Amino acid sequence: MNIREWPAQERPREKLLLRGAGSLSDAELLAVFLGSGVRGRNVLELARGLLRRFGGLRQVLEADREAFVSELGLGPVRFSQLQALLEIGRRHLALAIERESAMDSPQAVRRYLKAMLRHEASEVFGCLFLDTKHRPLVFEILFRGTIDRASIYPREVVRRALLHNAAALILCHNHPSGSCEPSQDDVHLTQVLKRSLALIDIRVLDHVIVGEGEPLSMVEHGWLAG
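Numbers given in our numbering equal positions in the sequence shown, counted from 1, plus 1.
No lab work stands behind these hints: they were computed from the structure. Please read these numbers as outputs of a predicted model, since none were measured by experiment. Possibly wrong hints are sitting among the right ones.
[As the list claims (entries may be wrong)] Computed list of lysine to any residue pairs in SDA-like fashion (alpha-carbon distance at most 20 Å, straight line):
no.: 1; residue 1: LYS115; residue 2: ARG20
no.: 2; residue 1: LYS115; residue 2: LEU87
no.: 3; residue 1: LYS115; residue 2: GLY146
no.: 4; residue 1: LYS115; residue 2: SER178
no.: 5; residue 1: LYS115; residue 2: GLY90
[As the list claims (entries may be wrong)] DEER-style ranges, computed between Cβ atoms:
no.: 6; residue 1: GLU182; residue 2: SER71; range: 33 to 41 Å
no.: 7; residue 1: VAL220; residue 2: PRO77; range: 40 to 48 Å
no.: 8; residue 1: LEU86; residue 2: GLN192; range: 34 to 42 Å
no.: 9; residue 1: SER71; residue 2: ASP27; range: 16 to 24 Å
no.: 10; residue 1: GLU213; residue 2: ASP186; range: 15 to 23 Å
no.: 11; residue 1: HIS165; residue 2: GLN192; range: 17 to 25 Å
no.: 12; residue 1: PRO155; residue 2: GLU182; range: 16 to 24 Å
no.: 13; residue 1: SER37; residue 2: HIS165; range: 43 to 51 Å
no.: 14; residue 1: ARG53; residue 2: GLN84; range: 20 to 28 Å
no.: 15; residue 1: PRO155; residue 2: GLU99; range: 23 to 31 Å
no.: 16; residue 1: ALA109; residue 2: GLY74; range: 29 to 37 Å
Every residue gets a Cβ at the ideal spot worked out from N, C-alpha and C, and that includes glycine.
Please work from the sequences and hints to get the whole structure.
So, in structure tokens, the structure goes:
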């Protein structure tokens, strides 16, 4: 059945306008983004098929170009549109914390760091550099590794902090396995970086680990004390 023949309140786009984006299912949200279906499949059927094929909305959003464009009804134009949409979302989160102290909006900071790291297939390590009022200056991914390990060099972290004239920073890295639980190496590295940066009067405010679900804050779990 053509989606135009559905009652208006059941069509994804009209439903969004009537009830808000939060009322839509993953398939309906994806259908609004896709805009139209393909021969023999309306846009909602196409969206549901993509969710089954990739395993969920997140997997669709994080699919690489080759996998995405190989699917029937998708192509480089839609892939480009999707990448632009994701980058708009990341920049929106960045703007939400840009003029606030990171300590006044820790949840917003963690949402931003999750958006920056959760799509990475291998382990990466980054820093959110902060000014004297703990407002964000810049975010950088400093190291990339294999699927479960990235080699971190404290001297490079110190160098980048000095380059940005940072007064403080928030460390972050991802766990592609999904678990946010820190390893002993994670805790040890955090302490090493904290001591190294303290020598030049730069504070480490937190170390955030991004995996599945909510990011983990080391400071909230007491792993940044001492």
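Beta-carbon spacing of ALA109 to GLY74 - inside the hinted bounds 29 to 37 Å or not: Since ALA109 and GLY74 have Cβ atoms about 36 Å apart, the given range 29 to 37 Å holds.
Consistency of beta-carbon spacing, PRO77 to VAL220, with hint 40 to 48 Å: 43 Å, holds
Pairwise beta carbon distance, LEU86 to GLN192, judged against the given window 34 to 42 Å: Between LEU86 and GLN192, where Cβ atoms are some 39 Å apart, the hint holds.
Distance restraint evaluation - PRO155, GLU99, Cβ atoms, bounds 23 to 31 Å: Holds: the Cβ-Cβ distance is about 27 Å, inside 23 to 31 Å.
Straight-line alpha-carbon gap LYS115 to LEU87, limit 20 Å: 13 Å, holds
Range agreement (Cβ of ASP27 with Cβ of SER71, hint 16 to 24 Å): This hint holds: roughly 21 Å between Cβ atoms.
Range hint compliance [Cβ, SER37 to HIS165, 43 to 51 Å]: Between SER37 and HIS165, where Cβ atoms are some 45 Å apart, the hint holds.
Restraint status (C-alpha distance of LYS115 to GLY90 at most 20 Å): 12 Å, holds
Outcome of range test on Cβ distance (PRO155, GLU182; 16 to 24 Å): Holds, at about 23 Å.
Supplied distance hint 17 to 25 Å, evaluated on CB atoms of HIS165 and GLN192: 22 Å, holds
Assessment of proposed distance window 20 to 28 Å (beta carbons of ARG53, GLN84): Once the Cβ atoms are compared, 22 Å apart, the range 20 to 28 Å for GLN84 and ARG53 holds.
CB-CB spacing for ASP186 and GLU213 relative to the 15 to 23 Å hint: This hint holds: roughly 20 Å between Cβ atoms.
The structure does not agree with numbered hint 1 stated previously, though it agrees with all others.
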